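Visitor: For reference, each letter of the sequence shown is one residue, going 3 to 78 in the working numbering.
The set of hints was computed from the structure by calculation and includes no laboratory data.
Bear in mind that the values here come from a model prediction, so they are computed numbers and not experimental data.
For every residue, glycine included, the Cβ atom is placed at its ideal position computed from N, Cα and C.
Mixed in with the good hints there might be a few duds.
What the hints assert, rightly or not - Derived PhoX-like pairs (lysine-lysine); straight-line CA-CA distance at most 25 Å:
1) K30 - K49
2) K77 - K29
3) K49 - K29
Claimed, not checked - Here are the computed distance ranges between Cβ atoms for each label pair:
4) T10 - G70: 14 to 22 Å
5) P48 - I6: 41 to 49 Å
6) D27 - L54: 15 to 23 Å
7) G70 - M3: 24 to 32 Å
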Amino acid sequence: MTVIALETELITAIRSFFLNNPLEDNKKLLWELYTSWVYQDEIGDPKEHYDLLFFYECLIEFMDELYGMIQSTDKK
Numbered sequence: 003m004t005v006i007a008l009e010t011e012l013i014t015a016i017r018s019f020f021l022n023n024p025l026e027d028n029k030k031l032l033w034e035l036y037t038s039w040v041y042q043d044e045i046g047d048p049k050e051h052y053d054l055l056f057f058y059e060c061l062i063e064f065m066d067e068l069y070g071m072i073q074s075t076d077k078k
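Just need the whole structure built from these sequences, with the hints factored in.
Guide: Rendered as C-alpha cells:
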C-alpha cells in the first residue's frame, strides 16, 4: 500500500468516525465515563484520579486535533 493510499484510508476512517460520533457527543460521553469512575471509586487514590484526568484531557486534545485535520481536508 502506498503512503498516499494509506493517508486516504486513514482520513476516510477518521471522517467516518466523526460522522457517526459527533465531536461534542464524544466529549460528553468521555466526561460521563470519567466522572462515573471517579465518583464510584472507593479507593480514592489521588494519583489514579490525576492519571485518569490527564488521560481524559489527552484524548480530548487528540480528538480535537483529528477533527480539525478532517475539517481542513474537507475545505481543500
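Visitor: Is 41 to 49 Å respected by the C-beta to C-beta distance linking P48 and I6?
Guide: holds, 47 Å
Visitor: Within 14 to 22 Å: is that where the Cβ-Cβ distance between T10 and G70 falls?
Guide: This hint holds: roughly 18 Å between Cβ atoms.
Visitor: Would you say the C-beta atoms of G70 and M3 sit inside 24 to 32 Å of each other?
Guide: holds, 25 Å
Visitor: Next pair to validate is K77 with K29; report whether the Cα-Cα distance is within 25 Å.
Guide: holds, 24 Å
Visitor: Does the Cβ distance between D27 and L54 fall inside 15 to 23 Å?
Guide: holds, 20 Å
Visitor: Between K30 and K49, is the straight-line Cα distance small enough, at 25 Å or below?
Guide: Holds - the C-alpha atoms of K49 and K30 are around 23 Å apart, at most 25 Å.
Visitor: Can you confirm whether the C-alpha distance between K49 and K29 stays at or below 25 Å?
Guide: holds, 23 Å
In terms of the numbered hints stated before, the structure departs from none.
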